[in-house]
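As a plain string of letters, each chain reads:
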Amino acid sequence: MKIAVVQFPGSNCDQDCLRALLGVGPIRAEYLWHKETSVSSFDAVVLPGGFSYGDYLRCGAIARFSPIMKAIVAAAADGMPVIGICNGFQILCEAGLLPGALIRNQCLHFICQPVWLRTEATDTPFTTKLDKNRLLRMPVAHGEGSYFADSQTLDALESQNRVVFRYTNASGETTPESNPNGSLAHIAGICNEKRNVLGMMPHPDRAWDRRLGSEDGKLLFESLVANLELAAVR
Amino acid sequence: MKVSVIVMPKQSVLDPQGVAVRNALKDVGLQSVENVRVGKLLELEFAAPLDKQRLDEICRELLSNPVIEDYTIQYPSAPKT
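These protein sequence lines are chains A and B, in that order.
Numbers 1 to 234, taken from the numbering used here, label the letters of the first sequence in order.
Numbers 1 to 81, taken from the numbering used here, label the letters of the second sequence in order.
It is worth saying that the hints were derived from the structure and are not from the lab.
Every residue, glycine too, gets a C-beta built ideally from N, C-alpha and C.
Worth double-checking, as some hints may not be accurate.
As the list claims (entries may be wrong) - Here are the computed lysine-lysine pairs in the BS3-like style, where the Cα-Cα straight-line distance is at most 30 Å:
1. A:K2 <-> A:K194
2. B:K10 <-> A:K35
3. A:K70 <-> A:K35
4. A:K2 <-> B:K40
5. B:K26 <-> A:K70
6. A:K129 <-> A:K35
7. A:K132 <-> A:K70
8. B:K52 <-> B:K40
9. B:K52 <-> A:K2
Stated by the list, open to error - One side of the interface only, derived from the structure: several residues of chain A facing chain B at Cβ under 7 Å:
10. A101
11. R104
12. Q106
13. L135
14. F148
15. R210
16. L212
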C-alpha cells in the first residue's frame with residue numbers, strides 16, 4: 001500500500017500530511033511532485049494545504065492545470081480515494097472533481113483556530129471509523145474557505161448525503177457563531193457522487209497527536225488505511 | 001493586439017471585499033455610495049492573430065470560475081479609417 005502526498009509549488013502542509021499518514025502505522029507514503037504524470041503506483045492521493053502558485057488568480061486555479069492533476073482526475077474516476085485538505089479542497093473544486101467553490105471568508109480575515117466539526121457521512125473511505133454525528137476537533141487555517149454553490153448543487157449535496165462535515169459548536173449545533181467563514185449550510189467538507197473524493201477545509205493533518213491539541217484527525221487517516229488494507233485483501 | 005478580460009463576482013455571490021471597500025468609502029466621506037463589487041482586470045497582449053473562440057473557452061476554464069464569476073472580453077475597437 002502506498003499513498004501519495006502531492007507537492008505543488010507553494011504547498012506547505014505536505015510534511016504534516018506525510019507525518020500524519022506515517023503516524024497511522026507501518027504504511028508507505030511518499031511525496032509526489034506536481035510535474036509527475038502518473039499515480040499508477042499509488043493507492044490513494046492526498047492534496048495537502050498551502051498556497052499553491054501563491055493563490056494567484058484564484059486559490060487552486062493554476063494548480064488544477066499541473067500535469068499530475070490529469071492523472072488524479074482519471075484515477076478518481078476509477079475510484080481511487082482522493083482527499084483534498086484546505087488548498088487541496090480548493091484545487092479539487094477548481095478541477096471539477098467536487099462541485100462549488102471556496103470564496104473569501106465572510107469576516108474577510110485569515111482564520112487560524114480550532115473548530116468543531118459534526119460528522120454527517122460515514123460511508124467515504126476517510127470516515128468509516130467515525131460514527132454519524134461524531135464531533136471532531138481540529139484547526140482551520142484559511143482566508144478563502146467559505147463554501148459556495150448554487151441552490152441546485154446544494155440540494156443535490158444534501159439529498160445525496162454528500163455533506164461529510166459541518167461546522168458546529170461544541171454541542172454539535174449549527175449556530176451562526178459556529179460557522180467560522182460564512183460557508184453555506186455550515187459546509188466544512190463534501191464528497192463526490194462516487195464518494196471516493198473528499199474535500200475539507202479543516203486540517204486533520206494538524207490534529208493527529210495529543211501534542212497537537214487533538215488526535216481526532218487521525219481517525220480519517222486510519223479510516224483510509226483500513227479501507228486500503230481491505231481493498232488489498234479482496 | 002491588447003485584449004482586456006474583466007472578471008467580476010456573480011451578483012448572486014456575496015462579495016465581502018466589496019462590502020469592506022464600500023464601508024471604507026463611507027468612512028472617508030463618500031456617504032452616497034450604495035454598493036461596491038471588486039473584480040479583476042487582466043490585460044492580454046497578443047502578437048499573432050487571435051483565436052477568439054479559444055480565448056472564450058480559456059476564460060471559462062482558467063481566467064474565471066463560472067461557479068462564482070462572470071467575465072467580459074474587450075477587444076480593441078477597429079481603427080478609424
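Okay, the hints, checked on the actual structure:
1. A:K2 <-> A:K194: holds (21 Å)
2. B:K10 <-> A:K35: Given that 30 Å is the threshold and the Cα spacing comes to 33 Å, the pair is violated.
3. A:K70 <-> A:K35: OK: K70 of chain A and K35 of chain A at ~11 Å, within 30 Å.
4. A:K2 <-> B:K40: violated (42 Å)
5. B:K26 <-> A:K70: Violated, at about 47 Å.
6. A:K129 <-> A:K35: violated (33 Å)
7. A:K132 <-> A:K70: violated (33 Å)
8. B:K52 <-> B:K40: holds (20 Å)
9. B:K52 <-> A:K2: This hinted pair is violated, its Cα atoms lying about 44 Å apart.
10. A101: holds (4 Å)
11. R104: With a closest approach of 5 Å, the R104 of chain A hint holds.
12. Q106: holds (5 Å)
13. L135: violated (28 Å)
14. F148: With a closest approach of 6 Å, the F148 of chain A hint holds.
15. R210: violated (36 Å)
16. L212: violated (30 Å)
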